[in-house]
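Asker: Here is how the chains run, residue by residue.
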Amino acid sequence: MTSLATTEAEAPARAEPRRSGRLLMASAVAVLVAWVLVPIYLLVVNAFGSVAAVSAWPKSLVPEFDLSSLAFFANYAGVPRALLNSFLVAGLTMVMSIGLGAPAGYALARFRFPGANLFRLAVLMTRAFPLPLLALPLTVLFIRVGLDDTIIGLALVHTTLAMPFAVLIMASLFLSIPEELEEAAWTLGCSRLSAFRKVVLPLALPGIAAAGIFAFVISWNEVFAAAVLTIENKTLTAFLLQSLDVSPLPLKFAGGAVLIVPALLFLFAVRKYLFSLWGIANR
Amino acid sequence: MADIDIRQVAKRFGNHQALHAVNLTVADGEFVVLLGASGSGKTTLLRIVAGLEKASHGTVIIGGRRVDDLPPRRRGIAMVFQNYAVFPHMTVFDNIGFGLAMQKVPAAEIERRVRRVAELLHIEELLKRYSGQLSGGQRQRVAVARALAVEPAVLLMDEPLSNLDALLRLEMRAELKGVLQESRTTTIYVTHDQVEAMSLADRIAVMHEGRIVQAAPATEVYHHPATRFVGGFIGNPPMNFLPAEREGEGARVAGHLFRDAPAADAALLFGIRPEDLVPAGKGLAGRVRVVEPLGPHQLVTMDLAGHLFRVVLDNDLAVRPGETLTLAPRPGRVRWFDADSGVSLTQTTQPEPATGA
Ligand SMILES: Nc1ncnc2c1ncn2[C@@H]1O[C@H](COP(=O)(O)OP(=O)(O)O)[C@@H](O)[C@H]1O
Ligand SMILES: [Mg+2]
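Those protein sequence lines, which keep their order, are chains B and P. Numbering-wise (full-length UniProt numbering), the first sequence opens with residue 1 and increments by one. Numbering-wise (full-length UniProt numbering), the second sequence opens with residue 1 and increments by one.
Derived by calculation from the structure, the hints in this document are not laboratory data. Hints should not be assumed to be uniformly reliable.
Using C-beta positions, here's what the derived DEER-type ranges look like [to be verified]:
(1) P:Lys104 to B:Val261: 46 to 52 Å
(2) P:Glu182 to B:Leu100: 48 to 54 Å
(3) P:Pro71 to B:Leu244: 57 to 63 Å
(4) P:Ala264 to B:Gly115: 54 to 60 Å
Restricting the straight-line Cα-Cα distance to at most 25 Å, the calculated cross-link-like pairs of lysine-lysine (DSS-like) are [to be verified]:
(5) P:Lys128 to B:Lys198
(6) P:Lys104 to B:Lys198
(7) P:Lys128 to P:Lys104
All residues carry an ideal CB built from backbone N, CA and C; glycine is no exception.
The shape of chain P in the complex, shown without the other chains (with noise of 0.2 Å):
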């Protein structure tokens, strides 16, 4: 058990910033997910902590070690990859048992051990075969079992369900989540994908080009984006943005005046979340253009004022494209954010019920 700082940690590849200054801490036992779309530096961060590639600059410190110097074997850290590297060339029994031969555990403990996170991972079966017997999901399952098996003080996996398809990554998602929670082990998890990273995360860091845009627990991130760009990039559909003008105290967005805008210098853009609305006698006004229904909801596509706005509105209202459609935002869900840097202006602070996002 361990708690991982990194701080100030970038990394240059050539001409190309992969990293700038990076900064997070997690927390001993902390499930945290690096959450960001492909080439925004999460396995770059990842391998930087494991001691796969060197930073440029900055420190990584592991249960109070300063971890830089150090080589893969020396950081307390086990690793899930991409592609699972199970050694081919072993049995899966050989495979589990690697780290604790290579720590000189007495074979009946490594026996004890191999069948205990076997049995965790219900591959009890498959111990005897070569991993060119096995199929992705238990190459997988072999992966995550012989990294668990070191009992190590940190975890990091990169994309471990992402080359499995999409019905075995939703059984292996929620069956990986039992198995974490059970061994409270300090993980960092890299992941493309928003719903893994919602279902899974402690504490989700979002990744843009080379930056931690935002640290935060899942919901925080999902109502209190911190930029625009996470606003944008995290729920699906995204965030709706529109262009604000200052109004006194408030701000005129689409016609609509809006009284509690944020007292900041700079220019506003407003922001709202696609079901954060509900039909209305007055607020934003606009034109239907396409209609889906997606089971309990339906997602609603309107012309705003020349800009693309969605909305998921309860299954029971009638809808038609063509039609003139008023909706207000419910109370207390409007995000204002700095229209040049992106960066929010609304308190994150606040406390958010929970909704079934």
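Chain B with its partners taken away, still in its complex shape (with noise of 0.2 Å):
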């Protein structure tokens, strides 16, 4: 605000525009905040508050602290089940989104090989077809080789719907490290192998991690292919859409604070990689 009055008296005849354009971008971004922000309010709040408090309108400002809810969540039967579930699945999604989305985003970036645009375009395109379009054939398919209703089932799901943004995140990470250090670890006596080993990877490893990351949110938000494939071992999220309409109140609450922190965490973690994967320079 002191900028804004030293420039207005510098410059009064331009101060007004400026200062138009700024107002709308502060309400703007005030707007959007408040979008995102007042949902995940109500949600803490209601998860920390005491079972009767929930119901309670209008809210108290202090937000009371009371763990009842939790408890009352931690305690219903099948949640933490779901939980362990849930981990085991984005867990897999993410070692196994590493674990095939680093090489083809590494032949990305460094190979020069026929159909590597289609390639990349594929990549995309599995983002295309809508999962509900998928979901009966691939319950069928599941059943079939025995895969339905398994964390290992899921976790490949998920690895489907990871790996578009793995691969590119990683294609791009890969192509920010210069060649030429590949190349000089080459000629001081690293085979190609031993190059990725001790150059690339020690210099990519944050972004592969970021990358891991991503999977593993996108895993742990995803609920269509979970409450489909699964009966037994449901994930968290499959099994609050399930019990959403029998569920006391309380239970909603603490289940969806549950399910975004984990996304809130490591969302904030990486957003200097997400930053970077849509081309906004961040340093």
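Two chains, two frames, some hints: make the complex.
Answerer: In structure tokens:
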């Protein structure tokens, strides 16, 4: 605000449009921030509120800190199991996305091979198929090969969903590491593999971790495939969806909070790489 | 220590012929500079020797061994890249010791050799730093140290000084020359800077459009350019060229008769270096256009029978724009070329005293 005042004093003629532009920008930002933060606020307030306070309105401005809702949630039948399943599926998705996405990204970044652009396009096109369309054939196929209602089966589907992002993030990551560094390593005694291990990998590691965490969040939040493909081994999202209309209100809020917390933490941790993925310099 | 033999090496990139059947030998311990304009194929040739690029045709022999199918790490080479390629996630010490660590040299020996080359390049105080904490000149020293530390049979350098500012480049050039002279490593050094080439090279290989047009010691390349291109490319200002008419045994150039033109069927082209002319009673006469004082000398640009002609004269001579100047070549300094092919027709074997070029 002080800087605004000084610029006004220095350039009164230009201050007016600049000021209104800033006002517009500020209100747009405020609306967007509120759009995201208000639901999160309500969710957290209710999750940490006592069971009785959940349905109270208006909310007291100072949120209470009461773990009874969360305790209730944690003890609700099926929740711990679903939470564990979510972790397992998301963890597996992360590992497979890195394991498959890193070599694919490296190939896209370093080798000129026929069909490279087609491959790039195909990677993106997998996102163009609506999952509901694939769900039925997938379910049939999974039942046939015995992957239905398994952690690994669901993780495979989630890996498919996460893969385009994983591949493209890692391709741009490897592209940003100068080829000369690798070549220097080759001339100094490295094979392709050891140069990758000693030079490329250490430099790419933070970005690879970001891509992996991104895959984790995609899996953690995914509900459709999880609901369709699992019955006994439901993840938390599928479990909450299933019990939405039969479960008490505190359970919904506590579940919602538990669902978004890892996603928020992870996205916060990797925001730098998401920016760079979208071509926004952040240095 | 090893010699290098490049035989008939050609390289195509798609439709583009980057190298045409290049031949070059580098003796054990020799320092050869590849000199040429940007895009002439210098980097491509160096990368083929390093094994970073595969030749479309031809053979490279290092130390008597065919290396065409060997990866870079099995060729006994070390390379200094144009952008230094210092590993950003390692300290200077680990960078310099990287090649030795890959060879499983014991830690104490690595320590000793890293300190020795660091001392040689005056970077002992930087050993604990990371690349991000170094200036361009320091990074360049680290890159050279890293290459020297493995004591390679062959050292390859691709424009190692071109990213430094002018003053630093001059300083590093002299220092590099000292360091490399001491190590006596067989070296191929790529540059587009002719002064750098002259100052460093035992032998200069001039590249033009994917060919080596001349490979000879600096003074010979300067005084006996093998083609018109070399004469025009090397020297600042470059060699002057004038069309010549055959007349009996000799040839007439801009109205003046030279009696000793070479006896060849070809149409002739007359060539002379700007500093190889002196004012005379008769000879090549032209109108002075511009006079530029250059400290000890003056650069005079003249119009000679409709051609641009440059002369470097002593400063004590009074020359004014507009007046007519008559010049005669110093003895033995006229060069004749085939006007069509551009190939030199003057003997290149005669010994030539080095002048202060
Ligand atoms: N990887 C490549 N793909 C296609 N063309 C290339 C490649 N590398 C070099 N060239 C071409 O080959 C020619 C020689 O390049 P280069 O060896 O880099 O020249 P210099 O180092 O002398 O500037 C240039 O015309 C360049 O465009
Ligand atoms: Mg080059």
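Asker: Evaluate each hint against the coordinates.
Answerer: Results of checking the hints against the structure:
no. : hint                             : result
1   : P:Lys104 to B:Val261: 46 to 52 Å : 48 Å, holds
2   : P:Glu182 to B:Leu100: 48 to 54 Å : 51 Å, holds
3   : P:Pro71 to B:Leu244: 57 to 63 Å  : 60 Å, holds
4   : P:Ala264 to B:Gly115: 54 to 60 Å : 56 Å, holds
5   : P:Lys128 to B:Lys198             : 19 Å, holds
6   : P:Lys104 to B:Lys198             : 14 Å, holds
7   : P:Lys128 to P:Lys104             : 21 Å, holds
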